[in-house]
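For the record, the sequence lines run as chains A and B. Residue numbers are given in the UniProt record's numbering: position 75 of the first sequence equals residue 75, and the series is strictly consecutive. Residue numbers are given in the UniProt record's numbering: position 276 of the second sequence equals residue 276, and the series is strictly consecutive.
Simulated from the structure, these hints should not be mistaken for lab results. Do not take every clue at face value.
[Stated by the list, open to error] Residues from chain A that face chain B, not an exhaustive set, calculated with beta carbons under 10 Å:
id, residue
1, D59
2, T98
3, S125
4, A138
[Unchecked claim] Here are the simulated SDA-like pairs of lysine to any residue, each with C-alpha atoms no more than 25 Å apart in a straight line:
id, chain 1, residue 1, chain 2, residue 2
5, A, K163, B, V226
6, A, K163, B, R260
7, A, K163, B, E256
8, A, K163, B, T93
9, A, K163, B, G235
Since the model is a prediction, treat every value here as computed from it, not as a measurement. Cβ atoms here follow ideal geometry from the backbone N, Cα and C, with glycine treated the same way.
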Amino acid sequence: MSDSTDEVRSYTVRLELVDEPGELLRALDPIANNGGNLLSIFHERGNVTPRGHIPVEVDLEATPERFDGIVDALRDAGINVIQAGAEQYSEALTIILTGHLVNTDLSDTLSRIHESTDATVTDLSLSAPEGTDDASSARIRLATEEGAVDETMSAIRAVADEKGLHVIEPLAAGGEA
Amino acid sequence: MRLAVIGAGAVGSSVVELASDHGHSVTAFADSSSAVIDSAGIDTAEALDRKRTDGVVGSDEPADALSADYDVLVEATPTTLGDAEPGFGHVQTALERDRHAVLANKGPVAERYADVRSLERESDGSVLFEATVGGAMPILSTINDFDPSHITAVRGVLNGTANFILSRMATEGLDYEHVLAEAQDLGVAEADPTFDVDGTDAALKGVIIANVLSGDETEYTLDDAVVEGIQDISGSALELARADGRTVRLIAEVVEGSVRVGPRLVPDNAPLAVSGTRNIAQLETEHAGQLNISGRGAGGPETASAVLADIGRL
Chain A
1 MSDSTDEVRS YTVRLELVDE PGELLRALDP IANNGGNLLS IFHERGNVTP RGHIPVEVDL
61 EATPERFDGI VDALRDAGIN VIQAGAEQYS EALTIILTGH LVNTDLSDTL SRIHESTDAT
121 VTDLSLSAPE GTDDASSARI RLATEEGAVD ETMSAIRAVA DEKGLHVIEP LAAGGEA
Chain B
1 MRLAVIGAGA VGSSVVELAS DHGHSVTAFA DSSSAVIDSA GIDTAEALDR KRTDGVVGSD
61 EPADALSADY DVLVEATPTT LGDAEPGFGH VQTALERDRH AVLANKGPVA ERYADVRSLE
121 RESDGSVLFE ATVGGAMPIL STINDFDPSH ITAVRGVLNG TANFILSRMA TEGLDYEHVL
181 AEAQDLGVAE ADPTFDVDGT DAALKGVIIA NVLSGDETEY TLDDAVVEGI QDISGSALEL
241 ARADGRTVRL IAEVVEGSVR VGPRLVPDNA PLAVSGTRNI AQLETEHAGQ LNISGRGAGG
301 PETASAVLAD IGRL
């Protein structure tokens, strides 16, 4: 297998942008200016991270050397680079949390899952038929790195245990049973 | 074969009723307080009739049934945990007399598997226990046919009561208490449904599967299983699952030496998302992909069919 430094490879960069006009363009400039070839941009506009940012996933081609330059340039420009590398967030994971979700600070729960595992919350549905002071349920979809599902699940279990929440886990990675 | 049937509940009674249809005779039949013994074959209709009307199967002593003339002892007394008595003692007596033992009682093979196997090694008799896992479904015999070393995981819905409750909750949008009461009215759940809804029953079956998969290398008991029940599942959780094309099932999972039972999210259209009281076991085979075995996991005639199939294998 050849691994020469001038071979063009594809990379996925995951960014979190502040929700302001011009931010996306500002993030793409350093990629184009440093010899990256943009393949696709997935702008999860309706999907805000626990910190209020908008996740953007950029697929690009570059040589390994240029890619390092791109990541440096992005960071220099103050862009929040969450994940940069050839590996993708390729496993989706759906769980249901039940219990006193609102009273135990749902947004803190989500932030902690995010912070301790590198998994990103891509979808959240909350159902609180008895009102937010009573037990409720949330369905949470996470994007996690390939092979990191077990790690993510144990982090979720730890947070849930601490807050007295109940986790309904998927049967297998990606919910494929 | 001449059968001694110990236990006169739904399963024991069905074995007695169906025995002649399978070419066997019953020489002894006992419940906890009475027995009927006849080396020429008991009158099964009369014994079952007496059980229904008088609550006893005959006028003999239950202990004498164990020493009666028989080729196969059918252990169909209620499952007990810990020392698994009196079921374990019944199996022991049969094996020490070089007779076969066929179990419907989960206790001895879930809690004292190594003891049962060691008694079997010293005996000319064999032990079979297909009826302990998944009622009529041939799960253990399929594992043995494939050879346990070629099965990498087993996942399944192994408790019909819990599955009935979860599927009713999901389709009708009703809460747990309501559906449990309905299940009790229908006779799907027992008056005390604890073992069904807290996962113990499914865990015992998972432990038995783990014992079969490990051969005689590692012994598993209920203490080795991680068990969670369905009592805390809310209607809103099921609704959220449904809106995403999924549902919640109480899944027993045996993989790489671990036994785990708990409510899990499964896709709505997955084979494991069986509905009502139906059971399913999904075997992950080394060379042949997934194999699904689905059917009735409980009930007198269903479980008796598995007992009689075991007797046919002896």
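Going down the list of hints, with the structure as the test:
1. D59: For A:D59, the interface hint is violated, since the closest Cβ of chain B sits about 26 Å away, which is over 10 Å.
2. T98: Check passed: Cβ of A:T98 comes within 5 Å of chain B, closer than 10 Å.
3. S125: Given a least distance of 6 Å, the restraint on A:S125 holds.
4. A138: holds (7 Å)
5. A:K163 with B:V226: holds (20 Å)
6. A:K163 with B:R260: Answer holds: A:K163 to B:R260 is near 23 Å, not above 25 Å.
7. A:K163 with B:E256: At roughly 30 Å apart (the allowed maximum being 25 Å), B:E256 and A:K163 break the hint.
8. A:K163 with B:T93: violated (52 Å)
9. A:K163 with B:G235: OK: A:K163 and B:G235 at ~21 Å, within 25 Å.
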